[in-house]
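Enquirer: Sequence:
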Amino acid sequence: MDTTTSPALAVQGLQVRAGARTLLHGITAAWPARGLFALVGANGAGKSTLLQALIGLRPAHAGEVRLLGRPLAGWKPRALAQAIGYLPQQTHSHWDLTVDELLQLALAPPSAALIEACELGPLRQRRLHTLSGGEAARAALARAIAHRPPLLLADEPAAHLDLPHQHQLMRLLRACAADAAVLVVLHDLHLAARYCDHVTLLAEGRVLAAGHPDEVLCSASLSQAYDSAVARCELGRLSFFTAES
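The opening residue of the sequence shown carries number 1 in UniProt numbering; numbering runs sequentially from there.
The reader is advised that the hints may include incorrect statements.
[Said to hold, decoys possible] Restraint-style ranges between C-beta atoms, simulated for each label pair:
(1) Ala159 x Leu238: 33 to 39 Å
(2) Ala20 x Ala243: 30 to 36 Å
(3) Arg171 x Trp95: 39 to 45 Å
(4) Ala20 x Gly74: 27 to 33 Å
(5) Gly63 x Thr130: 29 to 35 Å
(6) Ser228 x Ser6: 16 to 22 Å
FYI, nobody ran anything at the bench for these hints, they're computed from the structure. Just so it is clear, the structure is predicted and the values come from calculations on it, not from any experiment. Glycine residues also receive a C-beta, built at the ideal position from the N, C-alpha and C atoms.
The whole structure should be built from the sequences, with the hints applied where relevant.
Expert: Structure below.
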């Protein structure tokens, strides 16, 4: 299958429930084989739930998930692991391992170029619990993409990072997106506007808007999604967002 024209990730009528509560209401969306794509929305909008449902960590109660043109249910576990790199919200910082030992758990040995790009050379003998947030995020990313998966999913990868490390991580994800579909959950709308090719805005388990960041991240849609007056401000080529309670 030509994955340059077929969606790398697609969902049709996806519904996810937790007990009697419906978390996702018939989500239909698709993302192509290359690019950096954001899921944004208020707390509880369904961003992490959708990300987890895409790789089978949350069971679908209705609808279908397709990865690289194939139904998710048809993937064998090893093949699925080869196709996907996944960065959960929680890093591996509580593991009693060195960075080098963490990288040895990757599905393929990280290349020297990847070690350099993630600036892990001086950190390889450091234990994970001694790393800063930015260092731990880079180590986790290197492990997730060492086998060069065509799909990378990251759940709030910039959370708890200071400003320089947020942008460093987004640049690394941007580089990954040259050869893969990279789908990230983001709370920082500025990062989504600056780095992402496409944004899906969720509200109460539904897709409120999807498309180019300039179209989706507008005051009207954001105010509806966040149930608050949200203003978008421009400074040169950069966008900033403010909200009133």
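Enquirer: Which of the listed hints are not met by the structure?
Expert: 1, 3, 5, 6
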